[in-house]
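Residue numbers (the numbering used here), protein chains in the order written: chain H, 1 to 460; chain D, 1 to 460.
Mixed in with the good hints, there may be bad ones.
Note: identical chains are not told apart, hence a pair may lie in one copy or across any two.
Stated by the list, open to error - No more than 30 Å apart at the CA atoms, straight line, and that leaves these computed lysine-lysine pairs for DSSO-like: (1) Lys317 to Lys209; (2) Lys98 to Lys111; (3) Lys209 to Lys138; (4) Lys98 to Lys138; (5) Lys317 to Lys138; (6) Lys111 to Lys138.
Hints were generated in silico from the structure; no laboratory data involved.
Number of protein chains: 2
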Amino acid sequence: MSLDAVLSRIDDQLPDALTRLQTLLRIPSISTDPAYAADCRAAADWLVADLQSIGIDAQRRDTPGHPMVVGHVPGDGPHLLFYGHYDVQPVDPLELWKTDPFDPQIEDTPKGRVIRARGSSDDKGQLMTFVEACRAWKEVNGTLPCAITFFFEGEEESGSPSLVPFMQENAHELRADLALICDTGMFQSKTPAIVTMLRGMVTEEVTIKGPDVDLHSGFFGGLAANPIHTLSRILAGLHDDIGGVTLPGFYDDIPELTPELRAQWEGLGFDHARFLGDVGLSTPAGEQDRTPLEMVWSRPTAEVNGIWGGYTGAGFKTVLPAEAHAKVSFRLVEGQDPDRIRDAFRAYVTTQLPDDVTAEFHAHGGSRAGIMQTSAPAFEAARRALSNEWPEEAAYVGCGGSIPIAGHFGAVLGMNAMLIGFGKDDDAIHSPNEKYDMESFHKGTRSWARILDALSASSA
Amino acid sequence: MSLDAVLSRIDDQLPDALTRLQTLLRIPSISTDPAYAADCRAAADWLVADLQSIGIDAQRRDTPGHPMVVGHVPGDGPHLLFYGHYDVQPVDPLELWKTDPFDPQIEDTPKGRVIRARGSSDDKGQLMTFVEACRAWKEVNGTLPCAITFFFEGEEESGSPSLVPFMQENAHELRADLALICDTGMFQSKTPAIVTMLRGMVTEEVTIKGPDVDLHSGFFGGLAANPIHTLSRILAGLHDDIGGVTLPGFYDDIPELTPELRAQWEGLGFDHARFLGDVGLSTPAGEQDRTPLEMVWSRPTAEVNGIWGGYTGAGFKTVLPAEAHAKVSFRLVEGQDPDRIRDAFRAYVTTQLPDDVTAEFHAHGGSRAGIMQTSAPAFEAARRALSNEWPEEAAYVGCGGSIPIAGHFGAVLGMNAMLIGFGKDDDAIHSPNEKYDMESFHKGTRSWARILDALSASSA
Numbered sequence: 001m002s003l004d005a006v007l008s009r010i011d012d013q014l015p016d017a018l019t020r021l022q023t024l025l026r027i028p029s030i031s032t033d034p035a036y037a038a039d040c041r042a043a044a045d046w047l048v049a050d051l052q053s054i055g056i057d058a059q060r061r062d063t064p065g066h067p068m069v070v071g072h073v074p075g076d077g078p079h080l081l082f083y084g085h086y087d088v089q090p091v092d093p094l095e096l097w098k099t100d101p102f103d104p105q106i107e108d109t110p111k112g113r114v115i116r117a118r119g120s121s122d123d124k125g126q127l128m129t130f131v132e133a134c135r136a137w138k139e140v141n142g143t144l145p146c147a148i149t150f151f152f153e154g155e156e157e158s159g160s161p162s163l164v165p166f167m168q169e170n171a172h173e174l175r176a177d178l179a180l181i182c183d184t185g186m187f188q189s190k191t192p193a194i195v196t197m198l199r200g201m202v203t204e205e206v207t208i209k210g211p212d213v214d215l216h217s218g219f220f221g222g223l224a225a226n227p228i229h230t231l232s233r234i235l236a237g238l239h240d241d242i243g244g245v246t247l248p249g250f251y252d253d254i255p256e257l258t259p260e261l262r263a264q265w266e267g268l269g270f271d272h273a274r275f276l277g278d279v280g281l282s283t284p285a286g287e288q289d290r291t292p293l294e295m296v297w298s299r300p301t302a303e304v305n306g307i308w309g310g311y312t313g314a315g316f317k318t319v320l321p322a323e324a325h326a327k328v329s330f331r332l333v334e335g336q337d338p339d340r341i342r343d344a345f346r347a348y349v350t351t352q353l354p355d356d357v358t359a360e361f362h363a364h365g366g367s368r369a370g371i372m373q374t375s376a377p378a379f380e381a382a383r384r385a386l387s388n389e390w391p392e393e394a395a396y397v398g399c400g401g402s403i404p405i406a407g408h409f410g411a412v413l414g415m416n417a418m419l420i421g422f423g424k425d426d427d428a429i430h431s432p433n434e435k436y437d438m439e440s441f442h443k444g445t446r447s448w449a450r451i452l453d454a455l456s457a458s459s460a
Numbered sequence: 001m002s003l004d005a006v007l008s009r010i011d012d013q014l015p016d017a018l019t020r021l022q023t024l025l026r027i028p029s030i031s032t033d034p035a036y037a038a039d040c041r042a043a044a045d046w047l048v049a050d051l052q053s054i055g056i057d058a059q060r061r062d063t064p065g066h067p068m069v070v071g072h073v074p075g076d077g078p079h080l081l082f083y084g085h086y087d088v089q090p091v092d093p094l095e096l097w098k099t100d101p102f103d104p105q106i107e108d109t110p111k112g113r114v115i116r117a118r119g120s121s122d123d124k125g126q127l128m129t130f131v132e133a134c135r136a137w138k139e140v141n142g143t144l145p146c147a148i149t150f151f152f153e154g155e156e157e158s159g160s161p162s163l164v165p166f167m168q169e170n171a172h173e174l175r176a177d178l179a180l181i182c183d184t185g186m187f188q189s190k191t192p193a194i195v196t197m198l199r200g201m202v203t204e205e206v207t208i209k210g211p212d213v214d215l216h217s218g219f220f221g222g223l224a225a226n227p228i229h230t231l232s233r234i235l236a237g238l239h240d241d242i243g244g245v246t247l248p249g250f251y252d253d254i255p256e257l258t259p260e261l262r263a264q265w266e267g268l269g270f271d272h273a274r275f276l277g278d279v280g281l282s283t284p285a286g287e288q289d290r291t292p293l294e295m296v297w298s299r300p301t302a303e304v305n306g307i308w309g310g311y312t313g314a315g316f317k318t319v320l321p322a323e324a325h326a327k328v329s330f331r332l333v334e335g336q337d338p339d340r341i342r343d344a345f346r347a348y349v350t351t352q353l354p355d356d357v358t359a360e361f362h363a364h365g366g367s368r369a370g371i372m373q374t375s376a377p378a379f380e381a382a383r384r385a386l387s388n389e390w391p392e393e394a395a396y397v398g399c400g401g402s403i404p405i406a407g408h409f410g411a412v413l414g415m416n417a418m419l420i421g422f423g424k425d426d427d428a429i430h431s432p433n434e435k436y437d438m439e440s441f442h443k444g445t446r447s448w449a450r451i452l453d454a455l456s457a458s459s460a
């Protein structure tokens with residue numbers, strides 16, 4: 001059977017695959033910093049050449065930002081689109097890295113062998129698992145099992161400004177039966193997982209203004225309005241005593257978990273004590289009448305992500321500041337409309353303002369929650385394929401984060417998306433000393449071979 | 001009568017006095033920046049030479065920081081000590097200055113002629129009013145009217161680290177019957193004023209700690225404790241709904257105003273609408289059952305002077321921060337002990353901490369309120385002398401700020417202090433485009449001549 005031959009080929013070719021990944025990891029394709037624009041283009045060019053080396057008709061497609069890479073393989077059966085991103089996060093603080101972030105090292109650690117470099121897990125290593133699976137398949141069978149479009153982005157870590165316009169302009173070319181996205185992780189670092197639920201998000205910056213200028217707290221203290229006080233009251237009032245969000249209408253239209261999903265999640269055996277213990281915490285701090293998995297997957301949040309105002313340097317300055325600021329985000333779930341939540345927040349803030357104090361708002365972005373249609377047969381086929389590769393049965397899981405790309409495939413191209421990835425909780429993505437487990441890279445590649453085999457035989 | 005001759009002399013010599021002040025203002029004696037240490041020494045040397053030119057036995061007295069200037073004039077009658085400071089605030093943001101801060105300009109403005117330069121009002125111009133009064137007195141009478149010690153500091157704008165040790169080491173030399181301090185202003189910019197009540201202060205920095213590291217608000221949001229939320233609740237809880245401070249025991253032992261003082265303050269006709277209106281405010285924001293003057297002079301406060309945590313740069317980062325910070329100060333009044341207030345704040349914060357959240361405290365300083373003993377005959381003598389110089393009757397006033405030097409004279413040297421100054425509310429001390437009114441300089445000098453005349457005739 002050809003799948004076994006492909007899996008053997010993947011095993012045999014692992015050292016070469018690793019060499020290719022290391023070559024890609026050496027390119028410092030930091031998308032948010034204009035100084036690295038040429039490196040982003042170089043990474044795109046490297047991917048184009050690598051896809052072409054497998055016989056894929058691939059091209060660099062320039063945009064107003066960093067280029068896309070698009071490749072096509074015709075074929076019978078379902079038409080799949082695979083998405084990954086070749087850009088990486090900045091590396092600062094550089095002094096916390098034990099090795100050069102762009103000189104990938106293979107290290108043996110107590111938890112196994114790892115590839116350490118910026119982008120190894122997010123997302124170059126994950127992206128290459130799919131490419132390497134296709135390469136092995138092609139080498140063994142002379143062709144790929146179905147029509148596949150490769151679609152790599154270079155702006156995922158900098159807000160994807162070119163993504164939706166590019167999708168819109170090239171919709172006829174990109175539209176496929178199903179999008180595969182490899183940018184997520186395994187559940188509790190060991191259970192292969194298909195993400196079926198993503199939270200949406202509203203991000204908002206608020207500036208509270210008091211006096212025209214910073215005042216001396218000796219001459220004005222006790223008489224003049226202090227905008228930090230107002231901001232503190234506003235933020236403190238966002239949550240009630242049991243962790244619920246107080247905005248009027250915030251929980252309207254949010255569905256409860258189905259009994260089936262609730263039972264499935266209970267079966268996952270989420271170890272919240274360990275999850276929190278790994279970061280020095282012990283107690284679920286959210287809605288006290290919800291389970292820990294609900295808190296992070298299926299319940300919305302209000303979080304203050306940044307706050308500043310007045311004197312924040314060394315020593316002390318007795319200033320009454322003219323302004324105070326906060327960055328506030330809301331993770332949204334099914335049923336919540338980003339515009340409505342933003343309006344509710346702004347209305348709440350406005351009602352809390354005392355005399356002489358005003359508020360200004362700056363919207364940073366908003367996206368709805370993403371709910372995957374797992375009833376499509378491809379989902380169960382992929383789940384069985386994953387389960388065959390790994391010691392544990394694959395699970396449908398939620399993800400508390402917001403991955404807007406999944407929603408864009410639905411909204412712009414009318415496609416369902418399936419998120420499968422092999423990252424581990426300790427990969428340190430976005431942090432110093434990022435790594436990707438060799439197991440993730442090797443078994444991830446094998447997983448895609450199994451999934452391609454399963455999906456090409458099903459109707460995605 | 002000799003006083004009239006002295007006043008005439010002051011009038012005649014005003015152009016020369018102004019030239020001397022401009023020379024002193026050209027020296028950039030910024031005490032907080034080590035780059036200006038030589039300039040601080042140069043300012044001290046200039047003052048020594050200027051005092052010597054009047055026949056005063058003056059010397060630069062080096063300290064571990066910037067030098068003191070001490071000069072002595074023997075004499076009969078009361079022994080007075082005059083204090084001022086020759087160091088100035090930094091000038092940044094330099095781009096907001098209309099002229100070079102160290103190239104003093106004489107300008108005619110709609111409100112009258114001014115001397116514009118850093119330090120013109122705080123405190124070189126004020127300091128020189130006393131020196132010029134002594135110079136004129138000496139020139140007219142050949143001697144000064146009583147024993148006077150001149151004591152100039154060069155670290156007032158950088159926390160006065162050498163002041164108390166110097167006072168302790170030279171207590172026998174510095175002790176006098178009364179300290180005169182010229183570093184305050186006129187009430188509502190027009191009423192000559194003797195400050196008889198200064199607020200004390202406790203400054204405290206608190207760090208609220210949650211997780212060991214910054215977390216991703218997608219993966220942890222809704223489950224993990226957010227220290228910004230805890231900090232917001234703590235700060236919001238510091239005040240009740242009518243502006244009172246909630247710390248247990250905060251208002252214990254605070255005396256009410258005497259009926260006499262309350263009547264006197266009512267007679268001052270404080271125009272709080274104008275005072276607040278000048279900075280874009282309209283409503284007294286403090287304790288709603290107190291008058292505006294009580295809010296800033298005789299009632300204690302809790303103010304957040306700085307707050308920071310999480311991501312505060314451009315754009316948005318969905319971080320749950322490991323820490324959040326605030327700088328909090330309490331202005332204290334008679335009866336409040338700084339240590340007790342600090343302890344009460346720390347105890348309150350500690351009771352507000354949820355599971356997994358801790359607090360660390362850093363004390364920045366503390367000083368008691370200062371209450372001057374106005375029953376000493378010198379106060380009424382000085383008040384009458386001031387009233388003779390200005391169109392308005394001089395007033396005893398409070399000051400919401402904290403001027404620790406007054407307390408040091410009491411605590412270290414056992415001396416009463418009298419604070420008289422001629423600054424205006426719009427002098428922009430500590431800000432760009434600082435100025436000192438020519439009226440303040442001229443009539444301030446004349447005021448000191450009158451006060452010297454009055455005090456030398458009384459028993460200070």
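Quick rundown of the hints versus the structure:
1. Lys317 to Lys209: both (19 Å within a copy, 23 Å between copies)
2. Lys98 to Lys111: Answer is within; shortest intra-copy Cα gap is 18 Å, inter-copy 64 Å.
3. Lys209 to Lys138: Intra 63 Å, inter 53 Å, cutoff 30 Å: neither.
4. Lys98 to Lys138: Neither. Shortest intra-copy (38 Å) and inter-copy (73 Å) distances fail the 30 Å Cα cut-off.
5. Lys317 to Lys138: neither (68 Å within a copy, 41 Å between copies)
6. Lys111 to Lys138: Neither: 33 Å inside a copy, 87 Å across copies.
Consistency note: the structure conflicts with the earlier hints numbered 3, 4, 5 and 6.
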